[in-house]
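Enquirer: Single-letter residue listing:
There are 2 protein chains.
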Amino acid sequence: MNEASTGDATRAEPAWRPVSRSRAYELVVDRIEEQIVNGALRVGDHLPPERELASWLEVSRAAVREAIRTLEAHGVVSSSVGSGKGAGTVVTALTSGALTRMLRLHVALTSFPLVDVIEARVMLERTSAALAARAASAEDLELMRSLVDAMDDPALSREEFNEFDTRFHVAIAEAAGNRLVADMTIAIRESMKHRVLAGFRGAPDWPATSEVLRGHHRGIMEAVEARRGESAADLVEEHIRYAFAHLPGFRSGGD
Amino acid sequence: MNEASTGDATRAEPAWRPVSRSRAYELVVDRIEEQIVNGALRVGDHLPPERELASWLEVSRAAVREAIRTLEAHGVVSSSVGSGKGAGTVVTALTSGALTRMLRLHVALTSFPLVDVIEARVMLERTSAALAARAASAEDLELMRSLVDAMDDPALSREEFNEFDTRFHVAIAEAAGNRLVADMTIAIRESMKHRVLAGFRGAPDWPATSEVLRGHHRGIMEAVEARRGESAADLVEEHIRYAFAHLPGFRSGGD
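For the record, the sequence lines run as chains A and B. According to the working numbering, the first sequence is numbered sequentially starting from 18. According to the working numbering, the second sequence is numbered sequentially starting from 18.
These are computed hints drawn from the structure, not numbers from a lab. Treat the hints with care, since some could be wrong.
If you only want the chain B side, here are some residues facing chain A, beta carbon under 8 Å, derived [said to hold, decoys possible]:
#	residue
1	Val-54
2	Ala-90
3	Leu-111
4	Leu-116
5	Leu-122
6	His-123
7	Leu-126
8	Asp-133
9	Ala-137
10	Asn-195
11	Arg-196
12	Val-229
Taking CB as the label site, the calculated pair distances span [to be verified]:
#	chain 1	residue 1	chain 2	residue 2	range
13	A	Ser-77	B	Arg-151	42 to 52 Å
14	A	Ala-225	B	Pro-66	41 to 51 Å
15	B	Ala-225	A	Arg-245	38 to 48 Å
16	A	Pro-224	B	Arg-68	41 to 51 Å
17	B	Glu-67	A	Glu-156	37 to 47 Å
Don't be surprised by glycine CBs; every beta carbon is placed ideally from N, CA and C.
Turn these sequences into a full structure, and let the hints guide you.
Expert: Now the structure itself:
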């Protein structure tokens with residue numbers, strides 16, 4: 018299963034990894050995240066004052082301050098100064114775009130085997146296509162069609178083709194009407210964008226390859242338009258597996 | 018589709034949201050993340066020196082320093098002082114545990130409609146169960162069986178039952194042999210842990226409800242053990258939909 022890797026398996030671990038992974042402020046971050054995941058702290062809630070947190074958790078106030086700065090950097094809390102009712106540190110809502118961004122970054126930096134990423138993409142895009150066949154609006158369908166039509170232009174560079182290709186897959190995910198599934202689908206498709214482009218660049222017969230991909234895209238779009246969810250899911254899976262098997266960047270596991 | 022929400026729809030947005038979302042250091046963070054997602058910066062690569070980054074991006078060195086501190090807080094880069102070959106700021110590999118943690122936090126803090134979270138969970142756990150039926154080792158099966166057996170104890174509190182229940186679903190995801198799918202499955206299952214517990218607590222006839230859940234778990238485990246992937250996937254979907262329909266915390270969309 019794991020012969021191919023998104024990382025470079027031959028490269029040694031960097032020697033300058035931090036030796037201590039559990040500094041005091043990290044433990045404070047853990048505790049606060051725990052309260053959020055448990056549902057004890059919810060969006061809009063205030064964190065306890067710095068002095069109390071420090072005393073309960075038996076750490077220094079500096080550690081609490083550092084933890085709060087870290088959580089602010091993650092967008093998990095925001096602080097405001099002053100003495101009014103709104104002053105203090107408050108748990109903030111994350112946008113769905115923040116999830117896509119974080120997930121895309123994680124997929125880029127975690128050495129998941131390439132085959133695992135492909136299988137995850139098949140799962141997500143099958144579900145997105147099936148849901149889109151049920152939920153796509155007239156505007157969604159129009160956007161998909163305009164992207165499929167745009168890819169027909171033989172003068173497109175491989176970079177431009179890749180741009181429209183990415184946007185087509187994102188459009189299906191957006192049309193699915195499930196924000197969480199869409200965010201995960203978009204993150205994984207976008208995390209593969211540069212590998213897909215490397216595959217396009219390395220394709221020995223790009224006109225022939227792009228012709229096949231254009232046919233796939235049109236077939237997926239027509240199945241979504243015809244509200245044939247199972248067929249849309251099968252076609253998108255076939256499309257992803259075709260690219261995986263035929264584009265050089267994927268085949269070799271490198272890029 | 019969207020009548021239920023994981024957030025509290027009646028609660029107003031906090032009034033103290035930051036007004037400026039694009040401070041200079043955030044733009045620097047964006048640029049660095051972009052290079053990582055594009056594959057131009059890979060694990061083990063050094064960031065350019067602070068002075069050069071500041072000059073290329075036309076920001077102050079203080080903004081670059083703040084950006085690097087933020088990325089350190091995310092675990093994306095690590096810095097080491099000194100003048101040797103390893104000194105400087107290096108892109109670091111994220112652990113797969115870090116993905117689960119971030120995703121769990123995001124699901125807790127982003128107001129995804131509950132029905133979207135349930136459908137995402139059905140998708141992920143169907144895939145995990147089907148893969149586990151193919152890939153589970155003897156040790157994986159033994160762990161699943163011991164968790165199913167542990168849930169038979171009538172003296173278990175609802176908290177203890179929930180703990181074993183969560184571990185059973187995590188065990189299936191771990192047995193699937195696809196790290197990325199497993200991380201996403203575990204994150205979403207764990208993000209629902211407190212809602213599931215609230216559902217157990219609110220169940221009007223807990224002995225009867227837990228009896229049904231025990232039967233589901235045993236059926237899923239036996240299907241995985243018998244290598245019947247499609248059947249394992251169907252049973253886990255039925256189990257999740259049963260809980261969604263019957264546990265009070267889910268039905269009302271609150272907790």
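Enquirer: Hints first: check each against the structure and report whether it holds.
Expert: Comparing the hints with the structure gives:
Checking Val-54(B) against chain A by beta carbon gives a least distance of about 5 Å; that is within 8 Å, so the hint holds. At a threshold of 8 Å, the smallest CB-CB gap from Ala-90(B) to chain A is about 4 Å, leaving the interface hint in force. Residue-level restraint check for Leu-111(B) holds (minimum Cβ-Cβ distance to chain A is 4 Å; threshold 8 Å). Among the interface hints, the one on Leu-116(B) holds; its C-beta lies about 4 Å from the nearest C-beta in chain A, closer than the 8 Å criterion.
For the restraint placing Leu-122(B) at the interface with chain A, the shortest Cβ-Cβ distance is roughly 6 Å, inside the 8 Å limit, so the hint holds. Among the interface hints, the one on His-123(B) holds; its C-beta lies about 5 Å from the nearest C-beta in chain A, closer than the 8 Å criterion. For Leu-126(B), the suggested interface contact is upheld, since its CB lies about 4 Å from the closest CB of chain A, less than 8 Å. Taken as an interface hint, Asp-133(B) checks out: its beta carbon lies about 5 Å from the nearest beta carbon of chain A, inside 8 Å.
Against a cut-off of 8 Å between C-beta atoms, the interface hint on Ala-137(B) holds, since the closest Cβ of chain A lies about 5 Å away. For Asn-195(B), the shortest C-beta to C-beta distance to chain A is roughly 5 Å, which falls under 8 Å, so the interface hint holds. Among the interface hints, the one on Arg-196(B) holds; its C-beta lies about 5 Å from the nearest C-beta in chain A, closer than the 8 Å criterion. At a threshold of 8 Å, the smallest CB-CB gap from Val-229(B) to chain A is about 25 Å, leaving the interface hint violated.
At roughly 50 Å, the beta-carbon separation of Ser-77(A) and Arg-151(B) lies within the given 42 to 52 Å, and the hint holds. Between Ala-225(A) and Pro-66(B) the beta carbon distance is about 46 Å. The supplied range of 41 to 51 Å therefore holds. As the Cβ distance of Ala-225(B) to Arg-245(A) is approximately 41 Å, the hint placing it in 38 to 48 Å holds. Between Pro-224(A) and Arg-68(B) the Cβ separation comes to about 46 Å, which falls inside the hinted range of 41 to 51 Å.
At about 46 Å, the CB distance of Glu-67(B) to Glu-156(A) agrees with the hint of 37 to 47 Å.
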